[in-house]
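The lines below spell out each chain.
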Amino acid sequence: MIRWVRWLSWSALLLAAAACIVAALHGWALSIVSSAAIAAMVGAGVVSVWSFGRQRREARMPDPRPRGTLCEVSLQLGLHLLPPDARDRYKEEWDAERAVLDSRWARLKFTTSLLLVAIPRLAWTLRLSARRREPR
Amino acid sequence: MPILRLTDPTSRVLNELASPPGREWYGLELCKATKLSSGSLYPLLARLEREGWVSSRWEDPARQEAEHRPRRRYYSLTADGLVGFHSLLARRAAAPARLGTSGASA
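Keeping their order, the protein sequence lines are chains F and Y.
-16 is the number of the first residue of the first sequence in the numbering used here; add one for each residue after it.
9 is the number of the first residue of the second sequence in the numbering used here; add one for each residue after it.
Hints should not be assumed to be uniformly reliable.
[What the hints assert, rightly or not] Simulated DEER-style distance windows between Cβ atoms: (1) Y/LYS43 <-> F/TRP33: 18 to 28 angstroms; (2) Y/ALA41 <-> F/GLY28: 29 to 39 angstroms; (3) F/TRP33 <-> Y/PRO29: 31 to 41 angstroms; (4) Y/GLY30 <-> F/ARG70: 27 to 37 angstroms; (5) F/SER(-6) <-> Y/ARG31: 19 to 29 angstroms; (6) F/VAL29 <-> Y/PRO28: 35 to 45 angstroms.
[Unchecked claim] Far from chain Y by the CB rule (all over 10 angstroms, computed), these chain F residues: (7) ALA2; (8) VAL25; (9) ALA101; (10) SER112.
[Stated by the list, open to error] Simulated pairs of lysine-lysine, PhoX-like, Cα-Cα distance not exceeding 25 angstroms: (11) F/LYS74 <-> F/LYS92; (12) Y/LYS43 <-> F/LYS74; (13) F/LYS92 <-> Y/LYS40; (14) Y/LYS43 <-> F/LYS92.
These aren't lab readings, by the way, just hints derived from the structure by calculation.
Predicted, not measured: the structure shown is a model, and the values here were computed from it.
All C-beta atoms, glycine included, are put in the ideal place defined by N, C-alpha and C.
For reference, chain Y alone in the conformation it holds in the complex (with noise of 0.2 angstroms):
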């Protein structure tokens, strides 16, 4: 799996989708709580699903007939999708350290 840069929308759409892990998201649910523009929301998610890290599926018929809209699309993180998040913060949280201690050897 190729690793993602932890970018700042990243980070946001990973964090709201990692609280709690199981929960699923609507892509403009998503769009208001990270406060990204649909415009960086999707190509974003598309990413992370070819990653494996987010899945997706359509909403069950019966809501969504009872509420007459079109089919949501659910995003939720998977169990990879959760480990990469955590690997990535720990390297992102361990990064400046590291430049510390190479700075203050050199």
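Just chain F, same shape as in the assembly (with noise of 0.2 angstroms):
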């Protein structure tokens, strides 16, 4: 859609510009084609301006992660105790579980969870897991 409406107002520029010249070429000066050139020239800047507008809009469409709320700044800093290779992916995981949670009383209780139980009991796995790994 935004791509025919940009197309379109750059189409009537260009008319517009063409038939100025047309208009300036033949002495029409202030006949019928410049005042419709006019015309589209006005209508290609009211469109630019609402095609503009409605992508600066769409850009500040809200980003499903809740970002700078206490629980996610307490989620970041929880995760620290992760081993590092897991962090990223268990802060996508998690980060993809609180989109999807409705009210921030669920948010809250879910990230309260994670920080408390999970996070301490998933490190001491990830580590002793990581540990057996590694070759005596």
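Two chains, two frames, some hints: make the complex.
What follows is the structure, given as structure tokens:
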């Protein structure tokens, strides 16, 4: 849709410029052609502003991942207890789970349980299994 | 492979994963189905994954992009996991009978 609007507005601008040149060459300065060209330029401008505004609105659409909240920050800190190679995996996995929780209370409960129980136990399990894998 | 203890949370998670065995679950879905907290579930899944009873994979990017959210991690029971779970269930079912027999003979 946006691509079509942009294409139309550029076409209108080009047509308007061409009409201005034709009008100047043939001396029809204040004729129907030049007034149509001005109208086309104004129209193209309006369409461009509209499509630009729409793009900006789309760019500002909220990211489903909650960012900068207390839960997010504390989870980020807590993840440092996990081995470095597991941090990104669990961060992404838990972000996906938290993104579908609809209420703030549910997200808080989920995150608290992760921080107080899951992360310490996971840190123990993952570090222990990494130590077992190491050659003696 | 080390033998896992079939605790109640382990049994609940394996039960859900085994019904049916090929089905893939994401963490929150398993939390709701097993009524376990996220704090208990993820270490348990990590332990089962370490033992090779459970495998996990990232979801297809197309679906994640369509729903505008981060990628989910899907868990499923492996063939080893299914065999192991059934053998643990059989052992658990046999245990009281053995106890009863030994008690009677003593």
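Verification of the supplied hints:
1. Y/LYS43 <-> F/TRP33: 18 to 28 angstroms: 51 angstroms, violated
2. Y/ALA41 <-> F/GLY28: 29 to 39 angstroms: 57 angstroms, violated
3. F/TRP33 <-> Y/PRO29: 31 to 41 angstroms: Taking Cβ atoms as reference, F/TRP33 and Y/PRO29 lie about 54 angstroms apart, which means the hint is violated.
4. Y/GLY30 <-> F/ARG70: 27 to 37 angstroms: 30 angstroms, holds
5. F/SER(-6) <-> Y/ARG31: 19 to 29 angstroms: The hint (19 to 29 angstroms, Cβ to Cβ) is violated, given that F/SER(-6) and Y/ARG31 are roughly 53 angstroms apart.
6. F/VAL29 <-> Y/PRO28: 35 to 45 angstroms: Roughly 58 angstroms apart at Cβ, these two residues miss the hinted range, so it is violated.
7. ALA2: 43 angstroms, holds
8. VAL25: 37 angstroms, holds
9. ALA101: 4 angstroms, violated
10. SER112: Check fails; 5 angstroms does not lie beyond 10 angstroms.
11. F/LYS74 <-> F/LYS92: 17 angstroms, holds
12. Y/LYS43 <-> F/LYS74: 22 angstroms, holds
13. F/LYS92 <-> Y/LYS40: Given pair F/LYS92, Y/LYS40 holds - Cα atoms ~13 angstroms apart, limit 25 angstroms.
14. Y/LYS43 <-> F/LYS92: 14 angstroms, holds
Hint violations for this structure: numbers 1, 2, 3, 5, 6, 9 and 10, all remaining hints satisfied.
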